[in-house]
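Chain residues, written in single-letter form:
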Amino acid sequence: MKCEEARDTLPLLLYGELSFEDEERLETHIDECAGCREALGREQALFHSLDAVQAIPSQQFLENCRAELRGRVAHVESEQVSFWHKLRGGFSVHFHFPPGWMQLGGAVAMLVLGYFAAQWTPLSNLRPGHSEASLQPVTSRVRYVEPVASGRVQIVVDETRQRVMSGNLDDQSIQRLLLAAAKDPSDPGLRVESVDLLKNRPESAEIRSALLYALQHDPNAGVRLKALDGLKEFANDPDTRKALAQVLLKDDNPGVRTQVIDLLIQHRTEAMVGVLQELMNKEDNDYIRMRCQKALNDMNASVETY
Amino acid sequence: MAQAAVKMDEAELIRAAQKGDQRAFEQLVRLYDQNVLRLAFNLLRSPEDANDIYQEAFLRVYKNLHTFRFDCSFHTWLYRIVTNLCLDALRKRRVRREQNTVIETGEGVLDRMDAVEEERAHGDPQRQLLSRQLRGRIEQVLKELTPRERTVFELRHYQGLRLRNIGELLGTSEEAAKNCLFRATQKMRAALGDFV
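Top line first, the protein sequences correspond to chains A and B. The first sequence begins at 1 in this note's numbering and counts up one residue at a time. The second sequence begins at 1001 in this note's numbering and counts up one residue at a time.
Don't read these hints as lab results, they were simulated from the structure. Incorrect hints may appear among the rest.
Claimed, not checked - Under the rule of at most 30 Å between Cα atoms (straight-line distance), these lysine-lysine pairs were calculated in the DSSO-like manner:
1. 250(A) with 1019(B)
2. 1019(B) with 183(A)
3. 232(A) with 1063(B)
4. 183(A) with 1063(B)
5. 1187(B) with 2(A)
6. 242(A) with 282(A)
7. 250(A) with 1063(B)
8. 1019(B) with 282(A)
These numbers were taken from a predicted model, which means no experiment stands behind them.
Turn these sequences into a full structure, and let the hints guide you.
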């Protein structure tokens, strides 16, 4: 092996990236060549110098990145829910099925209806204007099914026609509808969008109360985060603080808890000490624990309860 | 054996996260995020850019995890995303001016990296021994490497990945990765030879 080739290969030797044969050849050459031994020493010194300029992010920086990611993931989650809601909203006809045995009854009724309709209903029996009527936005529900004479079936259907309403957020009727939609247990997407609109009017006591309710009770983290967003301006209000403390101790979503602790510790009060100490006993999220510990230290309170 | 157990845990986490388990996703992130942040931070030498890469990489993982079919290791899949993002960021920087980490403030000169760097790095005796001049020179040489050379060097020197893995991540051969590393180390030796 020549010196030039040996010196070019030195980094690969230090990285352990040479084949067995090449490593053998190089080491044999280094044993016999003082110049290349010296070059290896310089290469090692260069490697150590490079190690020393490695930038290692601090734990605090990492925790901040994690907290931001949690918030972003929760946002993506709520957007996905919202997307499905919008997709479904594109259809003009909605069917809201009741739970339990009524679903079965409804399904049987629809089958029977379909069968008889296909077999025996002549086209001439269709009422004029039927096709136009079917294009109207209607929410239908089979309320009652009964076999009648001659193998026919009688079905009672509840129909709700859709109506488009529009108005300003300050309009009382719009607010009432949004408040109702914000509690619709069947549709998280509708709740996300309703709370997202309502959070722009937190000065209304009724809306604030709805936001507090959503923050404490909504099963969807996306809805809870939207509600929290609307309550930020009221982080000093006693009712809001009480709700925030409860959420901090009970919410199972670390993204929500992260946002709550950041909000809660902006205004430090003596009443918070017990909550934060309780949190230290049960919290397993490093970032939240760190924020909590810092707040307790800043208030000269002990981190643990005895 | 222990490694097999870890891998099994990881596969379980991935499957749970694919089914929408948020806690499993968070645990999966925690398995890798420290190294991902270190890679981006060290490559881009900017806390803001490193955070952007971190967020974008894990959001892509979150949105596309359902497409992960265990054809390669999760590590390879994730690092492919991260290195591609870093390469794009480095290439964009070549177009505009490289951002300087040291800025002048009313209170004197401030290195924005210091605020987010591990304290033990500052307390490292080896680091303290290294003259400020040499550190500055090394950082300058790193900036002068091409995005590909810099990425390969970073993955090999600081992340400890094998050249074969690096080739796989960058969609190239082990030989091409080796050539890239060779050029990077040659440039550094040429620029720093007098200092060390």
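So, going through the hints one by one against the coordinates:
A distance of roughly 24 Å separates the Cα atoms of residue 250(A) and residue 1019(B); the hinted pair therefore holds under the 30 Å criterion. Between residue 1019(B) and residue 183(A) the CA atoms are separated by roughly 26 Å; this keeps the pair inside 30 Å, and the hint holds. Under the criterion of a C-alpha separation no larger than 30 Å, the hint pairing residue 232(A) with residue 1063(B) is consistent with the structure, at around 29 Å. Note on residue 183(A) and residue 1063(B): the hinted pairing holds, with a Cα-Cα distance of about 28 Å set against a maximum of 30 Å.
Taken as a hint, the residue 1187(B) and residue 2(A) pair is honoured in the structure, with Cα atoms around 21 Å apart against an allowance of 30 Å. Distance restraint check for residue 242(A) and residue 282(A): the Cα-Cα separation of roughly 19 Å lies within the 30 Å cut-off, and the hinted pair is therefore satisfied. Proximity of residue 250(A) to residue 1063(B) is assessed by CA-CA distance (about 28 Å); at most 30 Å being required, the pair is judged to hold. The suggested pairing of residue 1019(B) with residue 282(A) holds, with an alpha-carbon distance near 27 Å, which does not exceed 30 Å.
Of the hints listed earlier, there is not a single one the structure fails to meet.
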